[in-house]
Amino acid sequence: MRLIAENLGGERGGDRVFSGIGFALEDGQALVVTGPNGSGKSTLLRVIAGLLPVAEGSMKIDGVMKIEDGGEAFPSIASACHYLGHQNAMKPALSMAENLRFWRDFNGDGQLGVEEALETVGLVGIGHLPFGYLSTGQRRRAAIAKLLVSYRPLWLLDEPTAGLDKASEGRFAGLMTRHCEGGGMIVAATHLPLGIEGMELRMGETD
Amino acid sequence: MLALFLRDIRLNIRAGGGALTGVIFFLAVIATIPFGVGPDLKLLARIGPAILWIGALLSCLLGLDRLFQADREDGSLDLLVLGNDRHMLALTVLVKCLAHWAGSVLPLVIAAPLLGLFMNMEPLSIGATALTLLIGTPAITFIGAAGAAVAVALPRGGLLISVLVLPLTIPVLIFGVSASYGATANPDPFLQPFLILAALTLFLSVLGPVSAALALRHGTD
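Chains as they are written, first to last, in this note's numbering: chain A, 1 to 207; chain B, 208 to 428.
Same shape as in the complex, but just chain B (with noise of 0.2 Å):
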């Protein structure tokens, strides 16, 4: 297992894995924002929370279509599923999600906060930003999984499953802006979305991989 999450970050870091696809797209979005929002500093700093989060989401499913489809069409993933008495499929794609994510996603996190300041934030609000994010992101990577599963054998599938995904995405997005925001709002607390948040990463970690399993392996032909 640890083997398949080594060759997957490296697959990602070489040459057309694309690990910094997802950073560009994400700077270039929130290097937008300012131009179409107006110097108006302090709504930049009031919307710079959401608009990172959106930023992020957005990113992370760019890179998601590849996640099994690289692995379909060299006949990888073949091997993958018959390899399921060993390593149990669900596992082995929790794995890939794993390695997908510290691959692609969280170089997002760690540009988060320089992307910060183009936004005009205060530290505490960065800081919160990007910790939410740090624990959002995978809920992500893992509701991904399910759908670029289901578009496994689809040459383009990369729009239908940002499709798929987006709406279910919204919870984990309405949590991780409200804990964001809750951080340096007074009245508005932190801690309780901030809790549900890691609760739906948790919860979506058993959840996705499952149900792309299931997926893949009805998904052979």
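So here's chain A without its partners, still in its complex pose (with noise of 0.2 Å):
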């Protein structure tokens, strides 16, 4: 599978905010976005999702994902991506294993259950805490851990590590190549380096 990003362009309000992006990124590959504030990070993840409209040029996914157990397909690049934003889309009334039990119901089964998912994000025992009592850094993983509980080949990651001590920052950065390594790919916009291998797209830059 490959997704390709030719000459892309994206409006914010009716602004301009980037213009000519050009990115091919093939299965197993990711993509580092850097640049100052204001340059156009996160609208490019949303134009990439497709939560905002392409204001111009072309963006599209080649290929059908296969998988080894279901063979499904990803009809569109909005099915086949998990959009983590600067948000977490958790309900502060439920508690952890009950958000992600409903995202995994709601997006379908992934590799791990939700009780494996908050262990691998280093959230064991306390899943049954309201998602409103838990710190920033732990909001974020049990956000991480919505990436774990149902499968999409490739995850857009709006500031993923922000919050996150160290050693979360180091666990997250070996769930990333490990996503990759299974043929995964992944978008990252960033400030903090992520700890992973991949291409870089440096954006706002006057040239």
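Bear in mind the hints are in silico, worked out from the structure with no lab data behind them. Where a beta carbon is used, it is the ideal one built from N, C-alpha and C, also for glycine. It is possible that part of the hints are untrue.
To be verified - Here are the simulated DMTMM-like pairs of lysine to aspartate or glutamate, each with C-alpha atoms no more than 25 Å apart in a straight line: (1) A:Lys-60 / B:Asp-285; (2) A:Lys-60 / A:Glu-200; (3) A:Lys-60 / A:Asp-165; (4) A:Lys-60 / B:Asp-292; (5) A:Lys-166 / A:Glu-119; (6) A:Lys-166 / A:Glu-116.
Said to hold, decoys possible - Which bits of chain B does chain A cover? Going by a derived footprint, with three or more residues having C-beta under 8 Å, they are: (7) 215-221; (8) 367-378.
Could you use the hints to bring the two separately framed chains together as a complex?
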């Protein structure tokens, strides 16, 4: 599977935020998007996901992702991606396990169950706590666990490590590496080094 | 889809969900009417079905602004929109509407017979009004979903939603009330307005979610 962007431009509120972005991402590759505040990193991710319209150029996904067990096809980028935005998309009134179980039911099963996913992100034994009681870093880790409970080949991550401590950052880098090794793709917008091998796309450079 | 329904019901019932706000508002409206109208029992019995319907309609509008806004604030709405290929967005909206109805509006329908006693209504009239509310209120939720989807980005959209939705709910109100009267007032028919009310609900159960889905898809920023 290939994710291809050609001469991509994005708008926010009628203003062109970026234009002329091009990249091609293959299975197992990661793209790290960097750049100063306001250079359009988040907008780029939302354009890729299809939450914002493509203002110019084109954005497409080539080939059908093959999964050994089911052979599920992903007809569009939106259906093939996990989008982890600034918000965690979890309900404060529900417990962490309830939140994850909902997203697992809604998005489809992945390789990991809810308990294993919580274990992978280091939240063992507190899955019963309401999401609203958790610290910022724990919330982020729960949101990362959401990436694991359902399978999507493409991860779109917007500042994924915001609020994480050193140990969790390392653990998350391991998760991303494993996702890429399994044939997945990652597009991550970040200010902090993520600790993964990948191409770099710098935005907001005047040239 | 069942998971979404159960999640929304659970959120409605838990702290801060506001399932009871509508019922208490409904109670407040109905309980003040006899004080305003005066102790004329015949008059109260005559206007009872209409007052119950108006009270239920206003209480329905009360919780609508949170239908999509809560999901938008925590980022869930983006993921629901992205899931369009797996679960058609209009269907997702329909399920959210049904959960909202079951969590916030069904208690109104259940409370209506009790409040009917405040209005000195006879048992048959109470039964007919509760039945028309049961059939008619989903239509209000479906129209309201379209209004809520349009106003989802506005931080204080509640009033705007009411203003947008209220004119569209008038047909539902008219047929609901006339069916309720038809059950007791002898020459008036019950079945015809009741069937039109049911048809309105079915019609809006398609139109409301589809237009709400359209508004949500284009409202992401």
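Outcome, coverage of the region 367-378 of chain B by chain A - at least 3 residues whose beta-carbon is closer than 8 Å to one in that chain: violated (count 0)
Pairwise hint evaluation, A:Glu-200 against A:Lys-60, where the allowed Cα distance is 25 Å at most: 20 Å, holds
Restraint status (C-alpha distance of A:Lys-60 to A:Asp-165 at most 25 Å): Violated, at roughly 35 Å.
Given hint A:Glu-116 paired with A:Lys-166 - CA-CA distance at most 25 Å: Roughly 21 Å between the alpha carbons, so the hint for A:Lys-166 and A:Glu-116 holds.
Hint consistency between A:Lys-166 and A:Glu-119 [alpha-carbon to alpha-carbon, up to 25 Å]: Holds: A:Lys-166 and A:Glu-119 sit about 17 Å apart, inside 25 Å.
Distance restraint between A:Lys-60 and B:Asp-292, which requires alpha-carbon spacing of 25 Å or less: 16 Å, holds
Verdict on chain A covering the region 215-221 of chain B, where coverage means 3 or more residues with a C-beta closer than 8 Å: Since three or more residues must qualify, the claim that chain A covers the region 215-221 of chain B holds, with 3 doing so at under 8 Å.
Given hint B:Asp-285 paired with A:Lys-60 - CA-CA distance at most 25 Å: 20 Å, holds
Consistency with the previously given hints fails for numbers 3 and 8, ordered from lowest to highest.
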